[in-house]
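There are 2 protein chains.
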Amino acid sequence: MTQKPLNGIRVIDLTRVLAGPFCTMVLKDLGAEVVKVETPGTGDDARHFGPFLDAGQEKSAYFMSINAGKKSVTVNLKDPAGQEVLADLIRRADVLVENFRPGVMERLGFSDARVRLLNPEIVFASVSGFGQTGPDAKKPAYDVIIQGLSGLMSITGTEDGRTVRVGASISDITAGLYSAIGILAALFRRSQSGGGARLDIAMLDATVSVLENAIARGQLSDKPPGPRGTAHPSITPFSAFKTKDAEMIVAAGNDRLFVTLCHAIEMPALASDDRFKTNRLRTDNFSELRPLLEAAFPRETTDFWIEKLTPLGIPCARINNVHDLFDAAQLRARNMLVPMEDVPGFKVTGSPIKFMAEPDIERKAAAPGLGEHSREVLVQVLGYAEEKLAMLEKNGVIS
Amino acid sequence: MTQKPLNGIRVIDLTRVLAGPFCTMVLKDLGAEVVKVETPGTGDDARHFGPFLDAGQEKSAYFMSINAGKKSVTVNLKDPAGQEVLADLIRRADVLVENFRPGVMERLGFSDARVRLLNPEIVFASVSGFGQTGPDAKKPAYDVIIQGLSGLMSITGTEDGRTVRVGASISDITAGLYSAIGILAALFRRSQSGGGARLDIAMLDATVSVLENAIARGQLSDKPPGPRGTAHPSITPFSAFKTKDAEMIVAAGNDRLFVTLCHAIEMPALASDDRFKTNRLRTDNFSELRPLLEAAFPRETTDFWIEKLTPLGIPCARINNVHDLFDAAQLRARNMLVPMEDVPGFKVTGSPIKFMAEPDIERKAAAPGLGEHSREVLVQVLGYAEEKLAMLEKNGVIS
Chain A
1 MTQKPLNGIR
11 VIDLTRVLAG
21 PFCTMVLKDL
31 GAEVVKVETP
41 GTGDDARHFG
51 PFLDAGQEKS
61 AYFMSINAGK
71 KSVTVNLKDP
81 AGQEVLADLI
91 RRADVLVENF
101 RPGVMERLGF
111 SDARVRLLNP
121 EIVFASVSGF
131 GQTGPDAKKP
141 AYDVIIQGLS
151 GLMSITGTED
161 GRTVRVGASI
171 SDITAGLYSA
181 IGILAALFRR
191 SQSGGGARLD
201 IAMLDATVSV
211 LENAIARGQL
221 SDKPPGPRGT
231 AHPSITPFSA
241 FKTKDAEMIV
251 AAGNDRLFVT
261 LCHAIEMPAL
271 ASDDRFKTNR
281 LRTDNFSELR
291 PLLEAAFPRE
301 TTDFWIEKLT
311 PLGIPCARIN
321 NVHDLFDAAQ
331 LRARNMLVPM
341 EDVPGFKVTG
351 SPIKFMAEPD
361 IERKAAAPGL
371 GEHSREVLVQ
381 VLGYAEEKLA
391 MLEKNGVIS
Chain B
1001 MTQKPLNGIR
1011 VIDLTRVLAG
1021 PFCTMVLKDL
1031 GAEVVKVETP
1041 GTGDDARHFG
1051 PFLDAGQEKS
1061 AYFMSINAGK
1071 KSVTVNLKDP
1081 AGQEVLADLI
1091 RRADVLVENF
1101 RPGVMERLGF
1111 SDARVRLLNP
1121 EIVFASVSGF
1131 GQTGPDAKKP
1141 AYDVIIQGLS
1151 GLMSITGTED
1161 GRTVRVGASI
1171 SDITAGLYSA
1181 IGILAALFRR
1191 SQSGGGARLD
1201 IAMLDATVSV
1211 LENAIARGQL
1221 SDKPPGPRGT
1231 AHPSITPFSA
1241 FKTKDAEMIV
1251 AAGNDRLFVT
1261 LCHAIEMPAL
1271 ASDDRFKTNR
1281 LRTDNFSELR
1291 PLLEAAFPRE
1301 TTDFWIEKLT
1311 PLGIPCARIN
1321 NVHDLFDAAQ
1331 LRARNMLVPM
1341 EDVPGFKVTG
1351 SPIKFMAEPD
1361 IERKAAAPGL
1371 GEHSREVLVQ
1381 VLGYAEEKLA
1391 MLEKNGVIS
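The listed protein sequences correspond, in order, to chains A and B. Numbering-wise, the first sequence is residues 1 to 399 according to this note's numbering. Numbering-wise, the second sequence is residues 1001 to 1399 according to this note's numbering.
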């Protein structure tokens, strides 16, 4: 049987909340062993974030959905004996990931130099808001702050200029994805020529790197690009329209499809209107075209239009809400919403990284209870004896 | 000197526009050799997308920004002789990436089985809108369609329910990032135990996988989550506010910071108001809290508030537009907007994957002219003789 790509790779995971845990979730889904090192008593902050699966607010659905299948070891990293436990874990790991504020690892006794001394072959990745360098390195960062600073918020919003946040924490998540890419690239290099790596990933850098088109447009115009509602900056019509019962996307992206669309909505005169003959003209004159299209679609339901436009080859789609996703045949066929072993009825996202002809993830393992694997890892990975464990427990170093 | 992680890796890149090219841009930035195989005469569609750097619309800034440093070989893949050229390239490659509509590779004579026969060790990745499987596999997909279908659009918009598109093509880009992750994981596995891989990445899967929090919230509520403007679903205040001259983000995410904020904005009574004592209460009663805060910030400018709140430890930030990014000291310190070798004054995004103590990308190489490297690659990589090249050129197979 084909092995999962990261079988045999051990990740020591000091991360909390989202960017770092998202990265190690991707590594776990690819087959790595992920050992979360958490603070005794409280653990990953996300354990205390809603929504909760129980009235007692012990089981955070948020935490479970990004920590499925990881192991949890509780170690007090402020205690020198706890720091020794972490040093031992680092000696036996392939990857170390942390997302503390820059400077915290040094204060805990784990500078770059010390980590390299403990394990010259380790891939050591830091994920932070602004990165380990530069004037803003030590500033606090949250997703909404980075969405605002990166320019992403300035291009996301309504056409009359009400900017909004991307509804998902995309700055955290893209930083997590880039971290996974950097870690995998470093593991590959190590396999070829040996040697570890020291990675420094910033949420701000990650978010700027996905603006793409807007960076080019911004440089070539005196006016910075602004939000455009659901519309595309250079393709028209390519946006959402209200129908009788909802909203839908219509993406008639070239001249031929536009003509087809005009006939389908029974407005043939539009097809030969000089103002709308080319994509360039339609984009330039969208303020005139839009009200005409906006008058057409509310005559019928979204289902009607999708059934009419799809066979004509006009790309179109409903705007699904999160409940709709659980009924979507395509997502079911792709195992994109999979059950968790320990929570009947609750689903989490599957892995979007599909290896054809290899087993896909059909179900996710439970997220760990706080410190659930402390003994297992300390005995099996570090070879600690019972007396040592008992002493660490007695002193509150582990729990 | 440390080698770049992917030095020595050759990627044959059949992709066009964004999702695939974004993936191979990441691989190129990590040191891979990326050979774009393009259609003679027209090439990657993105070569014809604005904005353009010249009046003649020959130099697409959009194309250049995601294809810097790649090589371009023009091959007519509809001609059997061109298919033989591609077969030869596949024999000498580590990675093959394509983002045609599912079925096109088979029609061109490159089924999974054929590709594996040509090169059993190749990592063959397909990027598509819906994936290679499932009822919607062959439907056309554009970023806005996937943003609508994935649920992302349903949670992005104003609080009164006007949904918008994320201003960047985030469905394309996350699919590109997941493709890079899958390819790197497969290359690592090959280095450990040999064998290629067949990857199937879908924009829809990728976008659903970044919804995260919303998937959990959606399952635990009768009402699907909707858009919330700039606000956070469970932390308050954590959103944008209008100031005298602009808008800014204020993220006073815990009770202590909220009290500090109330004094800073000279509304001390709010700090002891029973309706706002805890984060839970502030979130539940945000409709009452918001107008009070909205009255405070317009009294002063964004700069005033940032200078006042930052030393108090209250996370806050301006909302930058794309022009502002070019003045940002942090982005300059991080090499996140770097010049292109061949276009004076024009910048593209740097790599967010920073390896500390290793050279960063300070400048990007030119994007290739269409077919610029046809001869170089066919001679140096494939060892074709001059007579063979001349015949292929004469027959229009390459150009």
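Worth flagging that the hints you see were computed from the coordinates, not collected in a lab. One thing to keep in mind: the hints can contain errors.
Claimed, not checked - Below, computed lysine-lysine pairings styled on PhoX-like, alpha-carbon distance capped at 20 Å:
#	chain 1	residue 1	chain 2	residue 2
1	A	K308	B	K1388
2	A	K78	A	K388
3	A	K394	A	K78
4	A	K139	A	K242
5	B	K1394	A	K223
6	B	K1138	B	K1242
7	B	K1059	B	K1394
8	B	K1223	A	K347
9	A	K244	A	K308
10	A	K59	A	K347
11	A	K138	B	K1347
12	B	K1347	B	K1078
13	A	K308	B	K1138
14	B	K1394	B	K1078
15	A	K139	B	K1059
16	B	K1308	B	K1244
Hints, one by one, checked against the model:
1. The hinted pair formed by A/K308 and B/K1388 fails the criterion: a straight-line CA distance of about 51 Å is larger than 20 Å.
2. Distance check on the hinted pair: A/K78 and A/K388 sit about 18 Å apart at the alpha-carbon level, within 20 Å; holds.
3. Under the criterion of a C-alpha separation no larger than 20 Å, the hint pairing A/K394 with A/K78 is consistent with the structure, at around 16 Å.
4. For the hint pairing A/K139 with A/K242, the CA-to-CA distance comes to about 43 Å; that exceeds 20 Å, so the pair is violated.
5. The straight-line distance between the Cα atoms of B/K1394 and A/K223 is roughly 47 Å, outside the 20 Å bound, and the hint therefore fails.
6. With a C-alpha separation of about 46 Å, the suggested pair B/K1138 and B/K1242 falls outside the 20 Å cut-off, and the hint is violated.
7. As the CA atoms of B/K1059 and B/K1394 are separated by approximately 27 Å, the hinted pair breaks the 20 Å bound.
8. Pair hint B/K1223 plus A/K347 holds up; C-alpha atoms about 17 Å apart against a cutoff of 20 Å.
9. Proposed proximity of A/K244 and A/K308 is supported: the alpha carbons are some 15 Å apart, at most 20 Å.
10. Taking the CA atoms of A/K59 and A/K347, the gap is about 14 Å. The hint holds against a cut of 20 Å.
11. Note on A/K138 and B/K1347: the hinted pairing is violated, with a Cα-Cα distance of about 27 Å set against a maximum of 20 Å.
12. Of the supplied pair hints, the one linking B/K1347 and B/K1078 is violated, its CA atoms being roughly 36 Å apart against a limit of 20 Å.
13. Note on A/K308 and B/K1138: the hinted pairing holds, with a Cα-Cα distance of about 18 Å set against a maximum of 20 Å.
14. Note on B/K1394 and B/K1078: the hinted pairing holds, with a Cα-Cα distance of about 16 Å set against a maximum of 20 Å.
15. Distance restraint check for A/K139 and B/K1059: the Cα-Cα separation of roughly 39 Å exceeds the 20 Å cut-off, and the hinted pair is therefore not satisfied.
16. The suggested pairing of B/K1308 with B/K1244 holds, with an alpha-carbon distance near 15 Å, which does not exceed 20 Å.
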